[in-house]
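S.K.: Each chain is listed here by its residues.
There are 2 protein chains.
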Amino acid sequence: MSKSANKSGKVYLVGAGPGDLGLVTLRAKECIENADVIVYDHLANPDVLGWARDDAEIIYAGKQPGESRTQQEITSLLLDKARDGKQIVRLKGGDPFVFGRGAEEAQEIATAGIPFEIVPGITSAIAGPAYAGIPMTHRAHNSHVTFFTGHEDPTKTESAIDYAALAKLGGTQVMLMGVEHLGVVTSEMLKHGVRGDLPVALVRWATTGQQETLTGTLSDIAQKVAAKNFEAPAVAVFGDVVSLRGNLNWFEKRPLLGKRIVVTEHESRRAR
Amino acid sequence: MSKSANKSGKVYLVGAGPGDLGLVTLRAKECIENADVIVYDHLANPDVLGWARDDAEIIYAGKQPGESRTQQEITSLLLDKARDGKQIVRLKGGDPFVFGRGAEEAQEIATAGIPFEIVPGITSAIAGPAYAGIPMTHRAHNSHVTFFTGHEDPTKTESAIDYAALAKLGGTQVMLMGVEHLGVVTSEMLKHGVRGDLPVALVRWATTGQQETLTGTLSDIAQKVAAKNFEAPAVAVFGDVVSLRGNLNWFEKRPLLGKRIVVTEHESRRAR
Chain A
421 MSKSANKSGK
431 VYLVGAGPGD
441 LGLVTLRAKE
451 CIENADVIVY
461 DHLANPDVLG
471 WARDDAEIIY
481 AGKQPGESRT
491 QQEITSLLLD
501 KARDGKQIVR
511 LKGGDPFVFG
521 RGAEEAQEIA
531 TAGIPFEIVP
541 GITSAIAGPA
551 YAGIPMTHRA
561 HNSHVTFFTG
571 HEDPTKTESA
581 IDYAALAKLG
591 GTQVMLMGVE
601 HLGVVTSEML
611 KHGVRGDLPV
621 ALVRWATTGQ
631 QETLTGTLSD
641 IAQKVAAKNF
651 EAPAVAVFGD
661 VVSLRGNLNW
671 FEKRPLLGKR
681 IVVTEHESRR
691 AR
Chain B
421 MSKSANKSGK
431 VYLVGAGPGD
441 LGLVTLRAKE
451 CIENADVIVY
461 DHLANPDVLG
471 WARDDAEIIY
481 AGKQPGESRT
491 QQEITSLLLD
501 KARDGKQIVR
511 LKGGDPFVFG
521 RGAEEAQEIA
531 TAGIPFEIVP
541 GITSAIAGPA
551 YAGIPMTHRA
561 HNSHVTFFTG
571 HEDPTKTESA
581 IDYAALAKLG
591 GTQVMLMGVE
601 HLGVVTSEML
611 KHGVRGDLPV
621 ALVRWATTGQ
631 QETLTGTLSD
641 IAQKVAAKNF
651 EAPAVAVFGD
661 VVSLRGNLNW
671 FEKRPLLGKR
681 IVVTEHESRR
691 AR
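Chains as they are written, first to last, in this note's numbering: chain A, 421 to 692; chain B, 421 to 692.
Here chain A stands alone, though its shape is the one from the complex (with noise of 0.2 Å):
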């Protein structure tokens, strides 16, 4: 991965997974650790830019509503600094393939003849609930699950997700993104014949010392989200799993989660 054995660059598409730093791979540290130029997403844990070499490009790409920088702009800083020969990462919250335009920058890479790589991420939707105490399938309730995003808004004529086969499908299914349509998302699923009691929760900021979990039902979670002002980063599940959080959740137990502990310097270069 050293500069010196590429003429060209090589563009690293990489998962930053959800948030916790433990859950990130090994493959994806090392290729941060390597790395002539950093470009993250807001979604990706900044602390991971902590084991970037010190004379590394850190540039930060942006993607909340309203920020300047558009998805071309990204591509194109992603092509010029390879075409300079760079070991570029292109670091993404969660999965670079899930949701997240990583395979629209992965066809630009590679129609524009530059060599990359994938490095799946852990995703939010399943660690998210795993965090939560809410496994994504388990015998006795499913055997299947649904990712969706709640980013297009659903009453969309275009709108991609059928409703009313997605109440049919049944199962664990898990909306990312799009918390702020989530009324018009419960309306649709209980007018599509979805019981109102069915378990809903939704995780933020999950996998982080932030984390914070919100349960109901399909009846009323949208009110309680909107009565507690829940907003995102979250991901909210809805199926029977949800259920199984009174006896599974771990990690909201734990005894310092949402302190803020100092650490030093020194102490924080050697963690992990």
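These are calculated hints, taken from the structure and not from any lab test. Certain hints may be false.
No copy labels: a pair is met if it fits in one copy or bridges any two.
Straight-line Cα separation of at most 20 Å, EDC-like style, residue types lysine to aspartate or glutamate; simulated pairs [unchecked claim]: (1) Lys679 <-> Asp582; (2) Lys673 <-> Asp640; (3) Lys588 <-> Glu608; (4) Lys673 <-> Glu528; (5) Lys673 <-> Asp467.
On the provided structure of chain A, position chain B as indicated by the hints.
M.R.: Showing chain B alone in chain A's frame:
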């Protein structure tokens, strides 16, 4: 995590990821390094055991058809070791909460009052396709992904998967396990109106040096799998995203893929 700090033991339900050692998380590696006892499945890459302490007790839990250790025996083993004050890693392929009975084991451990931690892992359902150049999502193709197990016989009347709803929902669909039922699964999908030319890919021994991918359509994939004797462990992906592989197939083009490389003990210990 030291033994002296705990009167009772603790069980770490750890995902070993899909096979590539680089896709193991930092926390999983740390748990393996510290464990008194490691109980592992046949789907977990045994190379990770190289990180265990020299005096760690390593127990193979099997779980292939015909093997004798039952789920009840495995759970009893975990509880007995924990009551002896041991730090136990229960190592599972992929993610412990995505199929594979991790939820049931966690319930038994929790009910017994034994402390536990969940360490999510990279699931082969996502990383397998990614290493074959197939993203789970792409804005132009889908806004949802469904994972289901092919383990159940779809002709059984009590089958939990509603293939009519699955067909109607569309999106990307990933089948874990059950390659031997692929003919029945594809027949069910065709019967419920999924188009015969839907791209399908099977990825076998995903993310390892032995990775192989077989592509086809919903109409012909079962026949191809039978003709090539393409056996487990494999994940199957159904969806238009499979067509992106032509451009995005990065891993299988590597010059050393599938080659056996002898690494001396000393170098192997230093690696990663």
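S.K.: Evaluate each hint against the coordinates.
M.R.: Going through the hints against the structure:
1. Lys679 <-> Asp582: Close neither inside one copy (42 Å) nor across copies (45 Å); limit 20 Å.
2. Lys673 <-> Asp640: neither (25 Å within a copy, 51 Å between copies)
3. Lys588 <-> Glu608: Classified as both: same-chain Cα gap 12 Å, cross-chain 16 Å, threshold 20 Å.
4. Lys673 <-> Glu528: between (44 Å within a copy, 18 Å between copies)
5. Lys673 <-> Asp467: Neither: 24 Å inside a chain and 33 Å across chains, both beyond 20 Å.
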